[in-house]
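> So you can see what is in the structure, the chains are spelled out below.
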Amino acid sequence: MSGLRIEEACKSFSARQILDRVTLDIADGSFAVVVGPSGCGKSTLLRTIAGLEPLDQGAIHLGARDITRLPPGQRDIAMVFQSYALYPHLTVRENMAFALRMRHEPANAIDRAVRQVAEMLDLADVIDRKPGQLSGGQRQRVAIGRAIVRKPAVFLFDEPLSNLDAGLRARVRLDFVTRHQQLRTTTLYVTHDQVEAMTMADTLIVMNQGRIEQIGTPSELYARPANLFVARFLGMPEMNLIAGTMIETRGGITNVMLPSGKTLAVPLTGAASGRGARLTLGIRPQDLIAHGNGAMRIDASVRLVERMGSRTNIHVVADGIGALVWQRQGDCAPEPGTPVQLSIDASALHLFGEDGSRLNTETLKEHA
Amino acid sequence: MKPREMLVTGLAACVALFTALPLLWMVSASFMQPGEAAHAPPPLLPSSPTLANYAQLFRNYGIGTYLFNSLVISTLATLLALIFTVPAGYALAKLRFSGRVTIQWMLVVAILVPGQIGMLPLFLELKFLGLVNSYAGVLVPWLAGIFGIFLVRQYCLAIPQEMIEAARLDGASEFAILRHIILPTLAPILVTLALFVFLGCWNDFLWPLIILSDQDLYTLPVALAAFSREHAEDLEVMMAGSVITTLPVLLLFLVLQRFYLDGLLSGSVKQ
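The listed protein sequences correspond, in order, to chains E and R.
In this text, residue positions in the first sequence follow the numbering used here: the first is 419, and each later residue adds one.
In this text, residue positions in the second sequence follow the numbering used here: the first is -3, and each later residue adds one.
In case anyone wonders, no lab produced these hints; they're calculated from the structure.
Keep in mind that the hints are not guaranteed to be accurate.
Here are the simulated EDC-like cross-link-like pairs (lysine to aspartate or glutamate), alpha carbons at most 20 Å apart as the crow flies [claimed, not checked]:
1) E/569 - E/512
2) E/569 - E/611
3) E/569 - E/537
4) E/569 - R/161
5) E/680 - E/737
6) E/680 - E/763
7) R/90 - E/471
8) E/548 - E/512
9) E/548 - R/158
Here are some of the chain R residues that sit facing chain E, going by a computed Cβ distance under 7 Å [said to hold, decoys possible]:
10) 158
11) 161
12) 162
13) 165
14) 167
15) 168
16) 175
17) 179
18) 180
19) 226
Note that the Cβ used here is the ideal one computed from N, Cα and C, for glycine as well.
Work out the full structure, taking the sequences as your base and the hints as a guide.
Below you can see the structure in the form of structure tokens.
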């Protein structure tokens, strides 16, 4: 078994805390994706797991083995770098064989393993070329091949697609998922691209400022973000956030006052905050509904339209709220300045407390 | 060719000729009959070319021994310098260890001190170690030149750290990384460094003169200087000796020139 467990990992460079008590459990054979903004510590997390940076504190276990203090070569972990880090003076074949040569495996076994992986990755034709003679996509596959050929317990990927153009990236993404379904090797994949994160992960880990904000399946994180950071980070366009103050809760309805003084009646009970508490309402652009009515009605006017073909992002300015993004299916193009009436799909409303963490909104659905 | 280009090419040719003329005359004079080169004005070409001067050098003056000494010392110096300088430069560029910055600063400071100032203390040190008047004594200053260390260090800085880390993850030891990953990447700079050390050691005069007292251990420049004191009038023989001293390194340089220029340029524009 080669599940990966990280306990209370801390790492700082000079005075800057890069990893702050990171605890993480990655099940054997799963594809975990760490996502977060630049500088959030995700690459450092990967490098400490690989053994390239020592942890200041904490432990790393691979299956039953404590690998915290082992040198990188003895951890049974392979890593694919953002820059691929191929050996420029060696051919594709020699690049892929390098780790096996270092383990003194017999030459014919090395040759067989390398040929097999080269065929699997469609590199057989270029096996005697050097990295400088390959395209970006081919280099990327060599880097993956170099990792696969070792049959490691864990794969680490550090933004491996960021150097590819958009079309190739989409293809390689699918390729990764297919490959993982074949190999079933525990994988930790770091990216700042939320499309990669959402589409590839079976466990998604959102990091910010050296801490883990939330762990779960991509749909869990999208549907129930634990805090404002996760809510804002996942989803394109970003979730609309509306600041408000709680006035009163009565009969399963909470009245929230918006900065403009307007009141919004939110079907919420059991919120942990009392009267006067500052709240943030979150609503995803596609959860705004046209032709709104009732207490959750918002009057707005169109400011800008982004037509994407299959859907349209309409930027509006809402009375008493400010800028919102409203996403509609299909292609439509309301003129800027057109007044629109929107309302909020109450079942899709997210509510965050003063500290930014999610409030209990289980009851929302019942009232919707 | 445009007039401007012609002018520049003409000027360059003049300067080249001006520089090459003494060297060419040295070769020419080494084939002249005894006393011929001392005529005024000296002739440009030998009237009846002879190899007698070379024969005399090898037969009477034993220049074969000095040629052998120079070859052995310069080759050893080159090999030893590479063995010590390359790991040092690589370590300073790529490995993290305590005292690294201090060592770098000490080297920078040391490079500012003219070599001649260190010669007396070094001599006393080697005398204490019993290395005076030996090959080993001549070799010591070449073991780890600061210039070489910095040359390797600068070049290593351009090697991506991730490549070394990838090798570590592939299970390579630090020595295996140096041997299989770093050295092949450094090839052009190694040729440059080897040339620098070989030429420097081959042409070095002052240090072998100080450290060697036994004539059998003399290197070519020291031996040649000794001859010229004793046989100043045998101009043709001296010129033959100069040719033997100059020619091997000139040939070596010409053969390795391509790699040498590669090495000097590639540090700055490495892809």
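> A separate judgement is required for each hint: does it hold in the structure or not?
How the hints compare with the structure:
1. E/569 - E/512: Satisfied, since the Cα-Cα distance of roughly 17 Å is no more than 20 Å.
2. E/569 - E/611: violated, 27 Å
3. E/569 - E/537: holds, 16 Å
4. E/569 - R/161: With Cα atoms ~18 Å apart, residue 569 of chain E and residue 161 of chain R stay inside 20 Å; holds.
5. E/680 - E/737: holds, 9 Å
6. E/680 - E/763: Holds - the C-alpha atoms of residue 763 of chain E and residue 680 of chain E are around 18 Å apart, at most 20 Å.
7. R/90 - E/471: holds, 14 Å
8. E/548 - E/512: holds, 9 Å
9. E/548 - R/158: holds, 18 Å
10. 158: holds, 4 Å
11. 161: holds, 5 Å
12. 162: Holds, because the Cβ-Cβ distance from residue 162 of chain R to chain E comes to roughly 4 Å (cut-off 7 Å).
13. 165: Holds - the Cβ of residue 165 of chain R comes within 7 Å of chain E, reaching about 5 Å at its closest.
14. 167: holds, 4 Å
15. 168: holds, 5 Å
16. 175: Result: violated, 11 Å to nearest chain E Cβ.
17. 179: Constraint on residue 179 of chain R not satisfied, violated at 9 Å.
18. 180: holds, 4 Å
19. 226: Status violated, d = 53 Å.
Comparing the model with each earlier hint shows violations of hints 2, 16, 17, 19; every other hint is respected.
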